[in-house]
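Colleague: Sequence:
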Amino acid sequence: MVSFGAGTALAAGPTPGSSQGGTPGPSAPAGLKISTELPSTIRVNNATHRTTFTATVANHGSRATGPVTLTVLGLGGMKITGVRGCAPLSSGKRPPVTNSGFGCAIPDLAPGQSRSYTVSATYDLAKTGKICLPVTEGKSDKVLWQQGPVPFGTTRPTPNAPDTPLLLGTDNVPAAPPSAGASPSPSTPPTTQPSTPPSSTPNSPGTPPELPKTGAGDGVLPLTAAGALLLLAGGAGVWWAHRGRRGAVRP
Numbered sequence: 000m001v002s003f004g005a006g007t008a009l010a011a012g013p014t015p016g017s018s019q020g021g022t023p024g025p026s027a028p029a030g031l032k033i034s035t036e037l038p039s040t041i042r043v044n045n046a047t048h049r050t051t052f053t054a055t056v057a058n059h060g061s062r063a064t065g066p067v068t069l070t071v072l073g074l075g076g077m078k079i080t081g082v083r084g085c086a087p088l089s090s091g092k093r094p095p096v097t098n099s100g101f102g103c104a105i106p107d108l109a110p111g112q113s114r115s116y117t118v119s120a121t122y123d124l125a126k127t128g129k130i131c132l133p134v135t136e137g138k139s140d141k142v143l144w145q146q147g148p149v150p151f152g153t154t155r156p157t158p159n160a161p162d163t164p165l166l167l168g169t170d171n172v173p174a175a176p177p178s179a180g181a182s183p184s185p186s187t188p189p190t191t192q193p194s195t196p197p198s199s200t201p202n203s204p205g206t207p208p209e210l211p212k213t214g215a216g217d218g219v220l221p222l223t224a225a226g227a228l229l230l231l232a233g234g235a236g237v238w239w240a241h242r243g244r245r246g247a248v249r250p
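Throughout the sequence shown, residue numbering follows numbering that gives the first Met the number 0, covering 0 to 250 in sequence.
Calculated directly from the structure, the hints in this document are not laboratory data. Treat the hints with care, since some could be wrong.
Said to hold, decoys possible - Cross-link-like lysine-lysine pairs, in silico, DSS-like; alpha carbons within 30 Å at most:
no.	residue 1	residue 2
1	K92	K78
2	K78	K141
3	K78	K126
4	K141	K92
5	K92	K138
6	K32	K78
7	K138	K78
8	K92	K32
9	K138	K32
10	K126	K92
11	K141	K32
Could you build all of it, start to finish, from the sequences and the hints given here?
Modeller: In structure tokens, the structure reads:
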């Protein structure tokens, strides 16, 4: 089991941002109104591919939350490299479609209180990238809130600028390579080209696998995770992850 760090700054109020792509968990108590927020815009350094931003979890309800866990997950071109005051999750303790993850244990949030975390990440601007913020009750598998997976991206790449601004809720459109023309090179056809044989796309022909936006849940995915993780996968919507007891971790 991962022991999550404390040592984060307690904010007087929510960091300005957006809860876009977020929804309460199906088992969240009626009197508990917890949510997360991400900045509406982040900037990625075009040379280092690094970015830093703030993720906030806030209690908008009328009673204290009690112990909760915030998990920060990276997907696709977005890799979380650090969350200040939180513990990294190994690949065996997070959903397999993610590339990185950190767990943040929060002892309690009083009504109107919030806690902000500095998130460091890298973003491969040649890909699409997403982030997911599930909040669970204590160390259980009861999901109180989930934001995402929600994309950061731009439809106007700026490869010659010092950095590229990425908007929350926008699928990234990579900059075309200098040698690219209006027509794709015959030697490197895109995977989404209609003429691509079905064998080259293992899921559905002509459509790469993609995570959906947050929506209503209708399934269970048996995953073992420290800090109780949440996963969106395929076209089935939200799949709530089960947290195994000690000794249930499979290789």
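Colleague: Against this structure, judge whether each hint is valid.
Modeller: Hints, one by one, checked against the model:
Taken as a hint, the K92 and K78 pair is honoured in the structure, with Cα atoms around 16 Å apart against an allowance of 30 Å. At roughly 25 Å between alpha-carbon atoms, K78 and K141 fall within 30 Å of each other, so this suggested pair holds. About 11 Å separates the Cα atoms of K78 and K126, which keeps this hinted pair within 30 Å; it holds. Note on K141 and K92: the hinted pairing holds, with a Cα-Cα distance of about 17 Å set against a maximum of 30 Å.
Of the supplied pair hints, the one linking K92 and K138 holds, its CA atoms being roughly 13 Å apart against a limit of 30 Å. For the proposed pair K32 and K78, the alpha carbon gap of about 29 Å is at most 30 Å, so the pair holds. Restraint check for K138 and K78: satisfied, since their Cα atoms lie roughly 24 Å apart, inside the 30 Å limit. The straight-line distance between the Cα atoms of K92 and K32 is roughly 27 Å, inside the 30 Å bound, and the hint therefore holds.
This hinted pair checks out: K138 and K32 have alpha carbons roughly 18 Å apart, not beyond 30 Å. A hinted pair counts as satisfied when its Cα atoms are at most 30 Å apart, and K126 with K92 qualifies at roughly 25 Å. For the proposed pair K141 and K32, the alpha carbon gap of about 14 Å is at most 30 Å, so the pair holds.
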